[in-house]
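Participant: Start from the sequences, fold in the hints, and give me the full structure.
Just so you know, the sequences run in chain order E and B. The first sequence lines up with residues 1 to 303 when you count with this note's numbering. The second sequence lines up with residues 1 to 250 when you count with this note's numbering.
Quick caveat, the hints were computed from the structure, so don't treat them as lab data. Do not rely on the hints blindly, as some may be mistaken.
Claimed, not checked - Computed list of lysine-lysine pairs in DSS-like fashion (alpha-carbon distance at most 30 angstroms, straight line):
#, chain 1, residue 1, chain 2, residue 2
1, E, K36, B, K2
2, E, K36, B, K231
3, B, K231, B, K194
What the hints assert, rightly or not - The following residues of chain E were derived to be distant from chain B, with all beta-carbon distances above 12 angstroms:
#, residue
4, N86
5, D93
6, D109
7, T110
8, G251
9, D289
All C-beta atoms, glycine included, are put in the ideal place defined by N, C-alpha and C.
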Amino acid sequence: MVTRPENVPQLEALAVELCGIPLRTPLIPAAGTLGKEALEGTGEIYGAMLPKTVTPRPRAGNPPPRLAEAPSGMINSIGLQNPGLNRFLEDLDVFHAAGLPLFASVAGDTVGEFAEMCRVLAGDGRVSAVELNLSCPNVEHGGGTFCAGPSTVGEVVAASRETLAGSKPLLVKLTNDGVVGNAVAAEEAGADAVTVINTIPALVVDVGERRIFLRGGLSGPAIKPVALRAVYEVSRAVSIPVVGCGGVTSGTDVAEFMLAGATAVQVGAGGFVREPGVILDEFEEYLRDGSLRARDLPLAIGT
Amino acid sequence: MKLHPVEVLSREEHGRHVLLRYRWTGAAPEPGQFVMVRPERHADLDPFLPRPLFAHDYDGDTMNLLFEVRGRGTALLAGEDAGLLVSTPLGRGFEIGGGAAVALIGGGVWVSPLKLLSRHLQDAGVDHDVYLEVPGDAPEAYADFLRTRYEGATLVETGGESDPSQTVLDHVGDPARYAALYASGTAAMLGAVKRAADGVVPAHLALRERMACANGSCYGCAVPVWEAGEKTYGRTCVEGPVFEAEVLAW
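Facilitator: Structure below.
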């Protein structure tokens with residue numbers, strides 16, 4: 001294990017680098033969990049900004065109900081409600097004003113739509129990197145997500161890589177199903193990093209009404225062990241960075257993901273129930289107690 | 001979501017309802033706003049999500065919450081010595097105009113936000129009549145509580161009829177005799193008030209929805225609304241919980 005010298009400034013201990021982008025902390029908001037109404041003070045917590053996934057055209061999203069609580073987590077079915085790319089770009093200054101690297105999460109119905117959005121974002125100076133959302137469980141693409149298999153992942157990543165034109169890092173967010181094979185395919189097709197994992201498909205049944213109440217994606221601490229395993233396996237199968245995501249609610253969780261192989265860590269539903277600033281404080285304390293630097297944690301444990 | 005530990009002053013049971021009072025000297029709640037709450041002893045994220053509860057009343061340093069115990073989350077909130085973590089008041093509350101008399105209508109057992117609204121209307125010198133449903137299966141203790149809590153209110157007992165909301169509205173009478181309707185309650189009641197007010201008087205409806213982030217980020221508490229002539233979904237936590245009736249695409 002690598003240790004850091006005494007008296008290393010806290011900010012330096014927290015800093016990491018992701019695909020050549022310096023991040024002052026390893027925390028990134030997971031797509032769809034930090035809105036423009038909730039940005040106050042978050043510029044001091046996160047290493048990068050990541051607004052809600054945008055699609056080429058406005059999308060109304062799924063009809064309610066969209067939420068249910070689960071043991072140690074929640075299930076959502078939002079359906080990528082968003083105002084479309086044009087309006088997204090108009091609103092982007094609010095996120096850019098945080099002064100952090102700005103990542104844009106995109107989704108489309110076709111490979112062409114992903115590629116076209118990357119082409120637009122390649123020319124936007126506010127955007128530092130693009131994350132392809134290939135894994136939202138709440139929208140259908142002919143019966144499956146773009147995480148359907150390595151060949152689909154490879155096709156959409158290659159097309160997006162081409163239009164992003166090498167100018168900006170391309171992250172690919174994957175679901176848990178087939179994550180290792182899909183991550184390898186993403187890397188081979190030109191991805192610069194993979195985000196592991198999105199919510200896990202889940203179902204809520206209303207026994208009183210004898211009906212399906214909600215068909216959505218499970219997030220929160222309930223999926224953390226699954227996400228950790230995915231990060232661990234993927235980080236050993238690819239040579240590009242892995243961004244961990246899934247059930248982070250504490251600084252210890254952040255450390256676990258980084259020790260499992262993540263270069264940076266996304267905070268999603270956990271940020272609804274605990275303050276992300278507190279999560280960062282806890283992680284910083286972990287580093288301080290162990291005389292550690294965040295950048296040294298990935299793969300700092302034995303196999 | 002930042003939740004503040006607060007001093008619980010009392011917990012009173014009124015049938016299945018609990019009136020929970022805590023000291024609060026932060027931002028004063030507007031009528032119709034809500035707070036996210038979690039029992040402090042269960043701050044280990046079980047249950048995972050805090051619960052949104054309307055501000056029931058506030059007198060400058062004491063906040064009142066009124067809720068029915070319906071499941072484990074609310075049962076834990078009601079527990080003695082559970083402690084309490086609360087957010088600041090959130091969301092968009094009732095708009096209060098001046099002048100002519102208005103009607104406050106509570107349906108089912110979801111009358112909580114009307115108390116603080118009544119207080120503010122009184123302070124603003126706006127005459128108001130209060131109509132509260134007492135469902136047939138509500139405990140007598142709850143009805144007694146309403147009688148003392150909402151002095152002068154018309155309590156409408158329902159039960160057995162196919163449309164309890166209409167029973168309450170029959171007591172309200174012609175909506176045109178009021179400058180506005182303010183409603184809290186079941187979806188059926190809010191829908192009935194919207195229909196009764198349509199084209200007659202403005203109606204302000206306080207919605208109850210499941211919430212996760214409570215700050216506009218997650219879009220989980222969406223309700224159908226009209227925006228520029230098109231149907232879309234609005235967020236109850238930031239665009240509500242009080243919506244103008246004509247905005248709701250029900």
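Participant: Give a verdict on every hint.
Facilitator: Hint by hint, here is what the structure shows:
1. For the hint pairing E/K36 with B/K2, the CA-to-CA distance comes to about 17 angstroms; that is within 30 angstroms, so the pair holds.
2. For the suggested pair E/K36 and B/K231, the alpha carbons sit about 22 angstroms apart, so the restraint of at most 30 angstroms is met.
3. Between the alpha carbons of B/K231 and B/K194 the distance comes to roughly 17 angstroms, so the proposed pair stays at or under 30 angstroms and holds.
4. With a closest Cβ-Cβ approach of about 15 angstroms to chain B, E/N86 is found to remain outside the 12 angstroms limit, as its non-interface label requires.
5. Non-interface status of E/D93 relative to chain B is upheld: no Cβ of that chain comes within 12 angstroms, the nearest being about 17 angstroms off.
6. E/D109, annotated as away from the interface, keeps every beta carbon of chain B farther than 12 angstroms; the closest lies near 19 angstroms.
7. The Cβ of E/T110 sits about 23 angstroms from the closest Cβ of chain B, beyond the 12 angstroms cut-off, so the non-interface label holds.
8. With a minimum CB-CB distance of about 14 angstroms to chain B, E/G251 clears the 12 angstroms threshold, and the non-interface call stands.
9. For E/D289, the requirement that its beta carbon stay farther than 12 angstroms from each beta carbon of chain B is met, with the minimum near 22 angstroms.
In summary, the structure agrees with every hint in the numbered list given earlier.
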